[in-house]
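2 protein chains.
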Amino acid sequence: MESEYPSQLLDTAVQQMSSLPGIGKKTALRLVLHLLRQPSEDVERFASAMTRLKNEVHYCRCCHNISDQEVCSICSSHRRDKRTICVVENVQDVMAVENTGQYSGLYHVLGGVISPIDGVGPKDLQIESLVQRVQTEDVQEVILALPTTMEGDTTNFYIYRHLQPTGVKVSQIARGIAIGGEIEYADEITLGRSIQNRTEFRA
Amino acid sequence: MESEYPSQLLDTAVQQMSSLPGIGKKTALRLVLHLLRQPSEDVERFASAMTRLKNEVHYCRCCHNISDQEVCSICSSHRRDKRTICVVENVQDVMAVENTGQYSGLYHVLGGVISPIDGVGPKDLQIESLVQRVQTEDVQEVILALPTTMEGDTTNFYIYRHLQPTGVKVSQIARGIAIGGEIEYADEITLGRSIQNRTEFRA
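Chains as they are written, first to last, in this note's numbering: chain D, 6 to 208; chain V, 6 to 208.
Quick caveat, the hints were computed from the structure, so don't treat them as lab data. Here a beta-carbon is modelled for each residue, glycine too, at the ideal position from N, C-alpha and C. Treat the hints with care, since some could be wrong.
[To be verified] The calculated lysine to aspartate or glutamate pairs, modelled on EDC-like cross-linking and capped at a C-alpha distance of 20 Å, are:
hint	chain 1	residue 1	chain 2	residue 2
1	V	LYS30	D	GLU103
2	D	LYS30	V	ASP47
3	V	LYS31	D	ASP98
4	V	LYS31	D	GLU94
5	D	LYS30	V	ASP98
6	V	LYS31	D	GLU103
7	D	LYS30	V	GLU103
[Claimed, not checked] Per label pair, the in silico range of CB-to-CB distance:
hint	chain 1	residue 1	chain 2	residue 2	range
8	V	PRO44	D	PHE162	25 to 33 Å
9	V	ARG84	D	ALA101	54 to 62 Å
10	D	ASP123	V	ILE178	43 to 51 Å
11	V	ASN104	D	ASP123	31 to 39 Å
12	D	GLN74	V	GLY186	54 to 62 Å
13	V	ASN104	D	HIS63	41 to 49 Å
Full structure from sequences and hints, please.
The following block contains the structure:
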């Protein structure tokens, strides 16, 4: 079959663009044709931003978050509480917690969760290095902030078991009805959990 | 203010990605982090597909469609009816008409429609070259397939006026209720137009 595009170069560009998650062929075509309408320098800048990120980005030696230096700005900050580590799945989760402005401790980015179906085992994640951090640094509390999926729960449990010998306090973020969420429309599991884990009322 | 991303490289990449139309900051971050998880060669391939398209693509000398050669495969084909030219706004429209399999003539890609608000005048479009084609080639019919917007109508009229002296037949694609479309839910303008432009019933 002939290509459905009038040009092989266009075909290749659309194929590449539609390899991104959630970008279908039609959207890819629209994005590529948009790029094509921009000046050469802009397209060059677009392309080099992607390759530079891939080739030059570092992962923080301590917490494995994305960083421009060997140690990220959070780990190297003097204003962060180094006795608390929040364990998250990925880089976006760090940003989400940072955006709350409610957390001043450090992070540990696992790079995923244990998922045998996807072939992701504990060795593929930054769990070993987390245990090491707890053993060698003055860590008092590890906060688990992983997704509430089967994989997240498995990972929570795995980490918990490996941290137990160190005696560190292990907690997990509160799950419950969202602020402003209607009780009437909450799912049963969340509502059940929010009753079990009720907190003392303070006026 | 500090960047909201842990890395300047990431910041730049997200900014570039979100410059694409319809891609917000969150989606851009997701796409960029996806790229970051791919092998270097894949990111290289992605980036070079975009720059190669921009730097190496040609626009057909006759119809101004995207092409790998100086003259596109449609214009250079011996199986196309060279007496009919379908005028469209952009490359996607060529593909849409081609996909119907109902048209065997040539195209003429204007590269937009006349839109004074956006600063697009007739000189910014391939209208002059269309008139020239009609004057110098053996063209019998020009089919206007531009959008039914104020800008599309303006462009239609402008082209019509400039083609009139050549004596070529100028037609436009039929507008009406879509095949399978419910009359009950059709908008009044479309329904009105479909009654005005009714065609003879053939059993």
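(Q) So, against the hints stated earlier in the document, which numbers end up violated here? (A) none
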